[in-house]
Amino acid sequence: MRLYYEVGRKAFQRSLAYKLATLTGIIVNSFFGYIHSYIFVAVYSTVLVSTVAGFSLAQAISYAWLTQALITITQIWFDQEISKTIVSGDAVSDFSKPFDYQTFWFSKFAGNSFYACIFRAAPTYLVGFLLFGAQLPHLSTWPLFLMSLLLSVIVSFLIGYIFNLTTFWTLNPTGMLTLGATLQMFFSGFIVPIAYMPDWLGWLANVLPFQAVISIPMQVWLGQRQSWDVLLPQLLWSIVLWGAARWLTGRAMRKITIQGG
Amino acid sequence: MTRVWEGTALYFRLVNAQLRGKLQYKANTLIQIASHFMVTFVDFAGIAVLFNRFPTLQGWSLNEIAFLYGVASISFSLAMLLVRGFETFDRYIQKGELDRVLTRPLSPFVQIMAAELPLHRLGRLGQGLLVLIFAIAGLKVQWDVAKILLLLMTLLAGILIFVALFTLGAVSTIWTVSTAELTNIFTNGGAYLTSFPLSIYQEWFRDFFIFVVPLAFINYLPTLIILDKSGLADWPLWVGWLPLPVGVVFMGLSLWIWEYGLKKYQSTGS
Amino acid sequence: MQPQITNEKPSFIPAAEPIIRVRELTKSFKVNQRRKGLLGTFASLVVSNYKTVEAVKGISFEVGRGELLGYVGPNGAGKSTSIKMLTGILTPSQGEVLVNGLNPSQNRRDNARQIGVVFGQRTQLWWDLPLLDSFELLRHIYKISSEQYQRNLKIFRELLELDSFIHTPVRQLSLGQRMRGDIAAALLHNPAILYLDEPTIGLDVVAKERLRGFIRAINREQGVTVLLTTHDMSDIEQLCRRLIIIDKGSLIYDGGLDEIRQRYGKYRTLVVDLESGYDDEPLTIADAIQVRAEGLRRWLQFNRDDISAATLIGRVAARYNLQDLSIEEPEIEAIIRRIYEEGVAA
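Chains as they are written, first to last, in my numbering: chain A, 117 to 377; chain B, 7 to 276; chain C, 1122 to 1467.
One chain only, chain A, in its complex shape:
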């Protein structure tokens, strides 16, 4: 346990060292928050109703800033570090080290998420809060939100991890990882809220795991969903994907020991 804590802490500290990257990252996130805010202002200006698919303009603007914050925490663009170690062959030696491979990478991911939460997401959302009146949830919502956020980090890690592991078989990560990241960006509700999608697309989004990454914590934050059963899909996907990831890790290990990587 201690080891994984240290791995996470290392990842946290490493991110912390890139201060300038943090600063420019916040600027970039704020830039996109700004543009998305004005896109929402523009589309809402032409409708007569005050809410569209459950979003008021104020909520839509909050959504714009919240998604910019959440993508840094859940690292929605798959980190390719794992697949790089697979391509380079370093993964083979990682397998033989006395730690659990999957937990080891999760610790790193969690460390990065924790860092992003404090130094990327919070400042970005603060900009939205100060300049665009992005909403803060009621105090009573926070426990549910934090639970949901934690689960979103777990699910995001597992999806990315599984896609990264396919490198053991494809040997060329570009295609699979881009496919995965693209699906995740769209079906998590990062590009547009799932509620805006046509029924068939929305249905698809709600049966896929990606909604657990952005859409669910977002709905909790905006107060659209307030009961604890909102966490069920996240819990379910965490368990299913953790199992799938375990199984795949085992297969990868067997592949290495039999074929020598």
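The set of hints was computed from the structure by calculation and includes no laboratory data.
Wrong hints could be hidden among the right ones.
[To be verified] Derived lysine-lysine pairs resembling DSBU-like cross-links, with alpha carbons at most 35 angstroms apart: (1) K270(B) <-> K101(B); (2) K101(B) <-> K28(B); (3) K1329(C) <-> K1369(C); (4) K1369(C) <-> K1151(C); (5) K1172(C) <-> K1151(C); (6) K269(B) <-> K146(B); (7) K371(A) <-> K200(A); (8) K1172(C) <-> K269(B); (9) K1151(C) <-> K135(A); (10) K1178(C) <-> K1387(C); (11) K270(B) <-> K371(A); (12) K213(A) <-> K200(A); (13) K1151(C) <-> K32(B); (14) K213(A) <-> K101(B); (15) K126(A) <-> K200(A); (16) K32(B) <-> K200(A); (17) K101(B) <-> K1151(C); (18) K200(A) <-> K146(B); (19) K28(B) <-> K1329(C); (20) K269(B) <-> K135(A); (21) K1275(C) <-> K28(B).
[Stated by the list, open to error] Partial chain B-side listing against chain A, Cβ under 7 angstroms, derived: (22) Y17; (23) V21; (24) N22; (25) L25; (26) L29; (27) T35; (28) I37; (29) M44; (30) L56; (31) E122; (32) L125; (33) N194; (34) G195; (35) I206.
[To be verified] Computed from the model, here is a short list of chain A residues facing chain B with C-beta under 7 angstroms: (36) M117; (37) Y121; (38) L139; (39) T140; (40) I151.
Every residue gets a Cβ at the ideal spot worked out from N, C-alpha and C, and that includes glycine.
Assemble the complex: chain A is given as a structure, and chains B and C must be docked to it using the hints.
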């Protein structure tokens, strides 16, 4: 003038060499092109979904937005095919590759442009073309020679302006630490923000993208003429005919700063 | 070209028909001192905090046409900064450089046509293309006429033995092969001067030896002036007659390789093989120290200012029965390391 001609000829020779190198990995290149197509496709899908719930975006229909998007995407992707070396310019400096460039009797600008050929960006070009075709098919534009010429000039100006932005981003790394992500705001971010009519933003924001970084000319201002839209209240419509002069001036300015930056590099070596 | 340089009387003795003239060459840099912390990072972006560092301080020397000159110094001595000024990459802060009549930083392109540069740690060849394709591209970059190109290609294919791998993509070449390709690439346009920066780095002993042979042949047969920077003193020992040593931005030695041994190689070693009967007994001789012992063989280090070799041999022979003896000259490597460590006065 002969220098420009020779430089261009050499540029194509060098790019052709890159192409031959790339074609040794055909499958890989194709996967990369397809991936890039996919990523940018989702981008536009998001806009289409928005129109599922909203009838217009401040008076602009989906096809009209698609027109803006397609034009921006085409010139941006073409520029991106040219400028990979500028995007990674800070690494060029760190690895000493710029020193090598400076020991050759050929313009550093041409050498950096020809240094890499990111073929995967053809994916975005394909996507941009598809979106533009979708846009034009759904719009009842009275095409005449003038409008076609304006569209071509706009695309060309877009390439110039984006290449200029990448050049400026590259040269800025000579003065300061890596600013790749900040450059990204103007390049990737620029292609994104121009996918929507500039009139939706605040005045200071859109004026910045008219006067300082003239991205308004890569699609928005000419599109007002081509699609017969009413635009900004405080701007006459005829400025939409100016993308090419603006593009040339902006490119010239960035080349001047580029030369200045190289001089600075030669005197500081940083 | 700046006429005042050629009209001025040289203040030092020039080598025969100098091709490179360097006078009072100085380069100072402003170093941005980064501040700590997030706010500091931000502050450094807005207001910079500079410190001036002199990397090269008033270096003067000349290189004769056809010379093969060693240019050495420890890391950070100003060696590569001065080479960058010679090749036109950097502009001098003060002083003058004339390379074959041109000021490199003012006539960068023209100078580029008359020099060849090989950086040992990175290649100028196109990674994914066959070696020959890189040559073909360079032919166009340097505007080499077809006859000149064919002629040179033939020469270097033979001289550098390129034939077995000239159609192989560069990424598949061994380091030694790639270096030979790089040298040929740098010479295709018949440069008057070839700058070689660490050409033997990373090569095994055999490949190093071959490469040195090639460099020697190019210098002799093609008459190319070669300026060689290296950390490997055996490169210098085997290739160069003249050596320039740069340290802390200043030129601390410029002269023959033999002279440097004479002047700075004060310590020599007398190696004696004793007759049996002296096992384990250390030799005690005035003005000499036993530095090593292996069975009956003993190494005695002495300073030739204190005692001549003849006297020392006399003293040893007077007390011990000798089978054999020899004198080891100090290796140039050791001498130069000592010069770096202790300065010229040592």
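Practice task
Please flag the earlier hints that this structure goes against, numbers listed from lowest up.
Solution key: 6, 11, 13, 18, 22, 23, 24, 25, 26, 27, 31, 32, 33, 36, 37, 38
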